[in-house]
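S.K.: Next come the chains, spelled out residue by residue.
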Amino acid sequence: MAETLTHIGQTEPRPTGWRGIAADWSSDQRAFKNVSWGKAMMWIFLLSDTFIFGCFLLSYMTARISTRVPWPNPSEVFALRIGGSDIPLILIAIMTFVLISSSGTMAMAVNFGYRRERRKTAILMLLTAALGATFVGMQAFEWTKLITEGVRPWGNPWGAAQFGSCFFMITGFHGTHVTIGVIFLIIVARKVWRGDFDTGQRGFFTSRTGRYENVEIMGLYWHFVDLVWVFIFAFFYLW
Amino acid sequence: MAEATANGLGQHALHAGHAHEAPAAVTHADVHQEHPIKLYLVVWAWLFILSTCSYLVDYFGLHGYLRWSLILIFMILKAGLIVAVFMHMAWERLALAYAIILPPILVLVFVTMMVFEADYTLFTRLAFFGAGP
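Protein chains in written order, with my numbering: chain A, 273 to 511; chain B, -17 to 115.
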């Protein structure tokens, strides 16, 4: 990181050819002064992911505005019969609380990581992963319920045909993100538990020395997954 | 607000909110985001409260502009809390905050365009196929 910087007043012969191109593009500028490249790149990845989910929600909005057929009422579609009465949207509400809780445990894991309490960090990360897996499980239940009730990407019993395609696309992509997050949480938690970040062990994939910042970068991804759910919950389930 | 403690070279935390001059020679120790646990618990509690509120909007079956505005308010508050505190954006420098937060806001332009487009599509569908079944 620091070696990519040219200090003011330092005169070095500039490399030429391809090396010169690479050097000119990489060495002189540094916009994000106090974040590491790993954190900055995670933020930029999340920005691009924001556009992906933004486009999904946009296409959902377009489909919902432009259809002549009434849109199925999510409040009724996602109701569960508990104790003899239909409670609207209850499963989705529970999923929301589960995901928010996992964000809370993740934030605390990052904190304990910087305090170098690796046991607590690893346990909190595994707890986060468990909550994430619970979320995916509940989503699988929801999908199963809707599919048995006859929801398909090309139609459903209650109204506009686009409901199914929007639902499967948006929640499916979000569920995939959660699943990938769970897998990475387990990988990073294992490294924390082993003490890789205390000894500065090199990663198997990037072969860079691990630091506790990796936990924070992992946390950024996880909070993003929670963030996307906030928007999906508002626009798809509540609207 | 809690203060970000900078580890490494013991430099002072850079407050994103204050636009004071950055040190001329920026040291390249990474600023670790370390805040009291209590802050996270408070935010966690608020996220629960806000989620409950947005669920109650549906539970009580509110309709029309009241429903939509409440949904949007609770959504923005939740998103803001997650980004600002859980993702530590409140303590990052403005260069990063603007680079990440401004582009998604510009999506609203796209939203506006697609609202017009969708309205037009609906208009042509109604004109050629009549009202829905």
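None of these hints come from the bench; they were simulated from the model. Hints may be right or wrong, so weigh each one.
What the hints assert, rightly or not - Below are the SDA-like pairs computed for lysine to any residue, each with C-alpha atoms no more than 20 Å apart in a straight line:
| id | chain 1 | residue 1 | chain 2 | residue 2 |
| --- | --- | --- | --- | --- |
| 1 | A | LYS305 | B | LYS20 |
| 2 | A | LYS392 | A | ASP470 |
| 3 | A | LYS392 | B | ALA66 |
| 4 | A | LYS417 | A | ILE442 |
| 5 | A | LYS305 | B | ALA66 |
| 6 | B | LYS20 | A | ILE442 |
What the hints assert, rightly or not - Stretch-level coverage of chain B by chain A, calculated; a stretch enters the list once three of its residues show a Cβ under 8 Å from a Cβ in chain A:
| id | segment |
| --- | --- |
| 7 | 25 to 32 |
| 8 | 61 to 68 |
| 9 | 71 to 77 |
| 10 | 80 to 87 |
| 11 | 90 to 104 |
No residue lacks a Cβ here, since even glycine has one placed at the ideal position from N, Cα and C.
S.K.: In ascending order, which of the hints set out earlier in this document are inconsistent with the structure?
M.R.: 1, 3 and 6
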